[in-house]
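Assemble the complex: chain S is given as a structure, and chain W must be docked to it using the hints.
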Amino acid sequence: MATHGLRRANDPPLLILVSLADGPKHGHALAKDIEQFAGVRLGPGALYGAITRLVERGLIEPLGGDDRRRPYQITPPGSAALAEALAEMRRITRAGVTRLGLDPA
Amino acid sequence: MKPANLLRWYPRAWRERYGEELLVLIQDTLDDGRPTWRLRLGVIWGGLLERGHQARSRAVKWLTKPNQPTTMVVAGMMVALLPANVMTLPSPPRGSQVAALVALLAAVSLTAAVVAADGLAALPALVRFLRAGGWPKIRRRVAWAGGATAVAGGALAGLMLAFGSRSATQLNASWGYLAAWLATGTAMAIAIALWATAATGTAKHLTRAPRVRAVQLLLSAVAGIMVTVALATLNFWWSVTQAPPWLAVGLVWLALASVDAWRRIPQAVRRGRRLRAAASGTTIVNPSAPRTHGRHRF
Chain S
271 MATHGLRRAN
281 DPPLLILVSL
291 ADGPKHGHAL
301 AKDIEQFAGV
311 RLGPGALYGA
321 ITRLVERGLI
331 EPLGGDDRRR
341 PYQITPPGSA
351 ALAEALAEMR
361 RITRAGVTRL
371 GLDPA
Chain W
274 MKPANLLRWY
284 PRAWRERYGE
294 ELLVLIQDTL
304 DDGRPTWRLR
314 LGVIWGGLLE
324 RGHQARSRAV
334 KWLTKPNQPT
344 TMVVAGMMVA
354 LLPANVMTLP
364 SPPRGSQVAA
374 LVALLAAVSL
384 TAAVVAADGL
394 AALPALVRFL
404 RAGGWPKIRR
414 RVAWAGGATA
424 VAGGALAGLM
434 LAFGSRSATQ
444 LNASWGYLAA
454 WLATGTAMAI
464 AIALWATAAT
474 GTAKHLTRAP
484 RVRAVQLLLS
494 AVAGIMVTVA
504 LATLNFWWSV
514 TQAPPWLAVG
524 LVWLALASVD
534 AWRRIPQAVR
544 RGRRLRAAAS
554 GTTIVNPSAP
564 RTHGRHRF
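These protein sequence lines map, in sequence, to chains S and W. So the first sequence is numbered by this note's numbering: it starts at 271 and just counts up by one. So the second sequence is numbered by this note's numbering: it starts at 274 and just counts up by one.
The shape of chain S in the complex, shown without the other chains (with noise of 0.2 Å):
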């Protein structure tokens, strides 16, 4: 079974699909956005990195607009994506919570 990193809560194309999910928002945005609800400082480079990986799979696009600061937008299959990679790791954390004895239900 291939994995492709869905399962790393700190992955730059999951954390920038999860910041996308209220509205489109431009690179300085995502970033400003991953550190304040994740606290993961996400460079130029890894975040660029990220978001070409994430046109090119067809999970998030540019939108029009003169402005130099492009946002990106998620698209129905990224809103696909992102839940089940959300629910894949619900289902782990339920576990993991439920076995350490943490859960109170």
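If you're looking for bench data, these hints aren't it; they were derived computationally from the structure. Since this is a predicted model, take the numbers as computed values, not measurements. Careful: at least some of the hints might be erroneous.
Below, a list of computed lysine to aspartate or glutamate pairs in the DMTMM-like style, where the Cα atoms sit at most 25 Å apart [as the list claims (entries may be wrong)]:
#, chain 1, residue 1, chain 2, residue 2
1, W, K477, W, D391
2, S, K302, S, E326
3, W, K275, W, E289
4, S, K302, W, E293
5, W, K410, W, D391
6, W, K275, W, D301
7, S, K302, W, D391
8, S, K302, W, D301
To list a few chain S residues with every Cβ distance to chain W over 12 Å, as calculated [what the hints assert, rightly or not]:
#, residue
9, Q306
10, A365
11, G366
12, L370
13, G371
Each residue gets a CB set at the ideal place from its N, CA and C atoms; glycine is no exception.
Just chain W, lined up with the frame of chain S:
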């Protein structure tokens, strides 16, 4: 080093598409107006990774797509060698020779069956097209392909008539046979290429249901791979009838077929799914997106 200079580490195509955005992001990221070493190294590393990614993509494309014309030429040359091979076989043949010949015939039959199935899938659409008066649109291509096939068949027959009675040693020493073999092989390759062109040109005129197109995409991918497998089995046959080193060539063909299968079959399945999704109004994902094995890849 100025931020703009950092872009030189990226491939040209990438710079043209994302360079300006990356520069803006670098400028937005800077606090005191000068990039830190950590930022510089991060951007340089990103550029090197991008170059590596581009090199990998090019290598995979080189291993698959350009093989089609090469395969046609090699197939033509190999078919032109077959008559001499059959005629110089020892009598009775050894068990390994029979097994290799059976494998070759099985591979060729299977390839022909896949090609025929591909054609049959489009047959109703072809009949509709011809009944609607489409023949003039494809007549020229089909005539060229038919003519080339006749020439290639004639050349093959001539090769058998002219050199059929000679031994393998005599054939190997004959410049005349070498020239005739090259001419016949070229004629065969041209005929194969013209039929492929005629089929592609005809397919463009046909109105096929998305499901049929999806099936044909898959069958075309399998047919291409089967041609390579058939060439591999031909080399295995030669390795037991002519010279053992042909085994290495056969293994190379088999490796190419494996690379082809790894890349082309999932690609054909994915494109077929997208065709059907587009027909049903579902969002189409980027057609160049890689395979996902039912799992999304970031």
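Structure-based check of all given hints:
1. W:K477 - W:D391: Holds. K477 of chain W to D391 of chain W sits at ~15 Å (cutoff 25 Å).
2. S:K302 - S:E326: Judged against 25 Å, a Cα distance of about 23 Å means the pair holds.
3. W:K275 - W:E289: The hint holds at about 18 Å.
4. S:K302 - W:E293: 19 Å, holds
5. W:K410 - W:D391: Measuring from Cα to Cα gives roughly 21 Å; hence the hint holds.
6. W:K275 - W:D301: 14 Å, holds
7. S:K302 - W:D391: 53 Å, violated
8. S:K302 - W:D301: Given that 25 Å is the threshold and the Cα spacing comes to 11 Å, the pair holds.
9. Q306: 15 Å, holds
10. A365: 19 Å, holds
11. G366: 21 Å, holds
12. L370: 27 Å, holds
13. G371: 31 Å, holds
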